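**Student:** The lines below spell out each chain.
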Amino acid sequence: MGSPILVYWASKLLKIITSHSNYSSLMKWKLLLLALLCLGYSGNAQKYFPKNDGVKASNNNYTALTNARIYVSPTQVIDKGTLLFHEGRVVGVGKRVDVPSNSEVIDLEGKSVYPSFIDIFSSFGVEQAKRNPSRGRTAQYEPSREGFYWNDHIMPENAAISSYKFDTKSAKDLRALGFGVVNSHIQDGIVRGTGVLLALNEEGNDSERILEDASGQYLSFDRSIAKAQSYPTSLMGSMALLRQMYHDAEWYNGGNVTTTDRSLEALIRNKNQVQFFAAGDNGHVLRADKIGDSFGIQYVILAGGQEYENIGDIKATMASLVVPLNFPEAFDVSNPYQANYVSLEDMRHWNHAPSNPGVLEKNDISFAFTLEGLKNSKDIHKNIRRAMEYGLSETRALEALTTEPARLLKKSEEIGTLDVGRYANFLITSGPIFEEETTLYENWVMGKRHVLADMNQKDIRGEYALSAGGKDFALSVTGTPASPKLEVKKGEEVLKSKITYENDWVLASFSDGSDSYRTTALVDKSTENLNGKMVLPDGSETRFTARKTGDFKAETKESDSKKGVPELLPLSYPNVGYGYLKLPEQEDILFKNATVWTGEAEGTLLNTDVLIKKGKITKIGSNLSAGGARVVDATGKHLTAGIIDEHTHIAGLAINEAGHNSSAEVKMTDVLDPEDIDIYRNLGGGVTSAQLLHGSANPIGGRSAIFKLKWGRSASEMIYTDMPKFIKFALGENVKQSNWQSFDRFPQTRMGVEQVFENYFQRAKEYQVLKDSGKPYRYDEEMEVLAEILRGERHISCHSYVQSEINMLMKLADRMDFKVNTFTHILEGYKVADKMAEHGVGGSTFSDWWAYKYEVKDAIPYNAAIMHSQGVTVAINSDDNEMSRRLNQEAGKTVKYGGLSEEEAWKTVTLNPAKLLHIDDRVGSIKVGKDADLVLWSDHPLSVYAVAETTYIEGVPYFDRSEDARLQQRMTEERSKLTEMMLDEKAGGAAVRPPRQKQKRTFTCDSL
Amino acid sequence: MKSYIASTFILLLCLAKAWGQQTPAAAQSETISITGATLHLGNGEIVENGTVTFTDGTITAIGAGLQGNGRVIDATGKHVYPGFIAPGKSLGLIEINAVRASNDQDEIGTMIPHVRSIIAYNAESQVVESMRPNGVLLGQIAPQGGRISGTSSIVQFDAWNWEDAIVKEDDGVHLHWPGSFRRGRWWMGEPRGFQPNSDYETQKQEVLNFISNSKVYGAGKSEEVNPAFRAMQGLFTGTQTLYLYANGEREIIDGISELKAAGIQKVVLVGGYEAYKIPDFLKSHNIPVLVNFTHNLPNLNDDAYDLPYRLPKLLDEAGLLVGIQNVDAENFQTRNLPFYAGQVVGQGLDKEKALAMISGNTAQILGIDNRYGTLATGKSATLFISEGDALDMRGNQLTHAFIEGRELSLETHQTELWKRYMGKYNQE
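From first to last, the protein sequence lines stand for chains A and B.
Those letters in the first sequence? Residues 0 to 1007, per numbering that gives the first Met the number 0, in order.
Those letters in the second sequence? Residues 0 to 427, per numbering that gives the first Met the number 0, in order.
Note that these hints are calculated values from the structure, not bench results.
If you're wondering where the values come from, they're calculated on a predicted model, not measured in any experiment.
Accuracy of the hints is not assured; some may be wrong.
As the list claims (entries may be wrong) - Straight-line C-alpha distance at most 20 angstroms; calculated EDC-like pairs for lysine to aspartate or glutamate:
(1) 276(B) to 972(A)
(2) 852(A) to 123(B)
(3) 524(A) to 503(A)
(4) 484(A) to 537(A)
(5) 852(A) to 427(B)
(6) 374(A) to 327(B)
(7) 834(A) to 205(B)
(8) 997(A) to 189(B)
(9) 999(A) to 123(B)
(10) 999(A) to 427(B)
(11) 418(B) to 857(A)
(12) 997(A) to 427(B)
(13) 423(B) to 857(A)
(14) 129(A) to 189(B)
(15) 976(A) to 302(B)
(16) 423(B) to 837(A)
(17) 418(B) to 833(A)
(18) 852(A) to 103(B)
(19) 423(B) to 833(A)
(20) 350(B) to 938(A)
(21) 852(A) to 329(B)
(22) 852(A) to 327(B)
Model the full assembly from the supplied sequences, consistent with the hints where possible.
**Tutor:** In structure tokens form, the structure reads like this:
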């Protein structure tokens, strides 16, 4: 041992001195004292350090714990075993262990020993980033650092060790919860650098505690709060940045860069570290895994706690997870006006969250627990118990805190179990570790003892009889051995009472009316009774004996046995309101006697049958035979192809990557959100396919996602197979940033917009030449995408308003030898319709929007009709999650404004957008061989009176009005059940939170 | 800075140049009869093969098969409707939303009933002009924003200037009731979506204090004029209407109970998203509803996808007097007013009842039904002829429109551009 007294005085002095801060020489004093402190501790590990405060003497004794129930690992238990350790490491464990004579022996009869816990997602002792004070409206486009990566949010060079300082208070708190080792890191930025693995022993110093000074590298999708560089502003931007970073590291590692980049050097250095990715919910686990897959990296992923929703997809990632135990509180639904705001989705998550660990276990997914995400880390034991009620096994719970984190850190040889050679990091408990009645007595770290509760104190729980002042009292001592509870009864009457039990002394008091009795007793191990001194109500003192009349019986809680396994309400696809309990199935259907809007040369056919089989349209005609298909009587109804929205922003978790004026590297497929309720609402308006476009913040936007609205399916199932490649471009006020206070980003004028394109395409040409030359080149995701455009493999859908800019882009494309596929919005397309026809570009426009900004002052509702008259392929799009559900009516307006024929009008929302999206070989009209994406309408589909009754995608009824009524009914019932359960929870005294509704952002082009 | 001023100036010049409207029509000089039409009276009734005759801006005869006199317009197979009425809009107060210089719709201050829309109303707005070819001929022009936004006036859409446009001056005061829930201030790091508004009671009391002070002010004789209190007086005498903007059940109940208790004579509920839950309460207080337009998304994730489509029907079936407004939509959208009504028909409401929600009912709610909103002898000849069903985009095609018997131009900035460019292409 060091010199506790010296340490004590040194720290006292330090405190005194630091509280007087006037002297400039104070610093020197502090340093000296710090040195003294260190010296005081130095005896243990740093044996080669000189010693000047005494003679060198080391303690080579062993420690042996005997008669314990030892969990060597979660699956290997030894009853009445011995654990022997020496200099912080286990040297023997088993039934029969030779205990050397120089051993301190601790008898743990009746107690259990567990390996202590490990948290691999900790921020312990590491200085965390501070939010950068707002820099006003001026965006910072350049990095703030020199000699590092071009993006400030990439910080692999950060090392937690360099900003670490042992935090005595937090260490104590963590030990009280059972933790012995943590892997701590800086929780900020997209690449966060390495963590530090350290033990939480109080005694000793960092020379012992730090087990690994660079342990694991941490990543996330979240930009640094401390850095102001504008890129990336979006989720898909973060994803693209990570991809480019890995490419750049490879390029750098190949010796192709003449300058020094300390970030990439660190990234390369950290390559063999375990890579931890802080992902969370919303499908982010899958997103992170996908990035890893493209670069041969298997991340260990910090999940969000909703993995039970799509457990199959989670399992398929093969990733090990770190999962939080942050089960949400029930909502306070006692006020019906307010309860209304709580969405079914959130209520259901409350119901299911505690089942998440059990579901992971059942699906054989490897996971470790973390304190991260817990509002109050003290809840961890309570929440583990809760998870166990919902199916998590004790073994798996223990593994998630011991062997799993050790394995993930590749430190199984050091920590996680009590096998020989491991650190002596263990807990001593009164019983099974997760049980409520169990006391955690001691937490030993590296063989250093930390007492949490006195385990030698006798268990005094039980029933007692006491006579005092001529009255008889019955005492019942319950609770845990270390902190018992007292109930005192006089006859049937329960009296007010209080008990404390420390250092073998019991202090108990109770009052009978105004008469108060105070007792104090030193617990005598030789008798079952309690003997001591009592102060009677009259102030006189006397001896008392509380005679033990019965043993303590752990009460089986009535509520527990009554509760049984908690009820889990069924999950749905997707797991939000209006999700299906069972996914609707593909059907072979014969539509009889419909008015069929073919959208083809046949035009609109009256009293016609359409047969669909295996998701395809197989026959159109009259008096078709069903041949096993279900017959739908469509008399008086209209059958059309599903509506296709060329321009939507529904189902996106983000829309604009506004950090750069070109963002070709970002992909909307990365952020498709299959749970967006607007998918369902759009189906209700007959929409079956849509292009999720990037926003219009930049001249060169991001790559599109073209998807089918398969409500209940995953994002990858919604995206078109062999999806045509598209990218969003934009012109005009948005890219000039005219409508908000921004004056420092190029371009600020339409003149500048041309130059951005000119420059990027020129560079893409040069890039392509270099690539084709076979010489080494830096893989540039942005240039790759632009080169695709030049090669004619990727199509442009360009946000555009006024004629000058429309003309400009066509001329630029001519010069650069590519075609613009689609002008979207194109509100002045009518002024250059002839030029558009000549270029071969389509126009996808609003039916009647205008006047919302200066560049749409000449927008007219006749635009579609005029463009059509000049031979331009015209679509009507939405760019709006409300209007998209009524695109049939918007198409109807092209008849009103400019007199399109009804059949041509109908094509503006079906076949024409299909053509513009290059999917017209699959969808867009009713034609044999095309996908059975159909809508059955109650009325003429261009009429305001028409209601979409059923919407099919590939023969699957993803929306049906009568099914909708059933869904509503079921949701009402489920809400009422969950409300009941939440009210019960509140009545049971649990904490609740006020009603809230989280809502997805709704996006348009302009959303930043 | 100089170039900024210069460019603003140039922009204004451009706008000024663009602000030429169709020349307002001259007063009706001869009797006009429309014959052979389906007359949609705006009160739920319909007259087939009807004739409507008007002189000096007033309907003098109406009925089936009547002989026309004066100038006769044969409208066989066509439909005649009363001019549609758009409540609560800032038409003419803002021209181009993103151009600040064209914005006169929202004055600073939270309780400013003394701010009057009418004097800023731009009778020559191109957006106003674009209402007419769809049959929207009248509007209530209201200041926007704040708690009490100001005082509205009702105008007709074919005028030389604001005085000329007035149908009813200073008709009502617009109060936006506080919400017991509010949206998260995401820019301050709060989650989006709704959370309880802890200031609700305080905000409510501020409104009630203002109202009670206004009432007390009116009862006594103050040495100094308080313009805000003064502007509230018509609400206590019943010469003006209070337009109460509220959507939640709680807010509606609170608002109406408190305003009635405070002595406000006429209250109209604007919004009423949850009004269908408390029809009896609304009936017992005799409150009409200017309900949210149908081309809206549900407020909450779990609300029925078609609740906004059905809402007017639900209120009508509950026996309430219902008109449709689109106060939350951009002004240019107001020409879609007939289609908002048409949308409810798709949900099973009778077409003539739906029509009344943008004509007869609205006129009654706004207090201009003595002259407008329905077709009847003695009422204003503010009406139009459509080739087909005006509530449906398939039929809404105006051939003639009249305000006070004056036949107005159906051309607009937009039709002119249409014709100009079709002309260009046809020449080539």
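**Student:** State the violated hints by number, sorted upward, taking the hints as numbered earlier in the document.
**Tutor:** Of the numbered hints given earlier, those the structure breaks are 4, 5, 6, 7, 9, 10, 12, listed in rising order.
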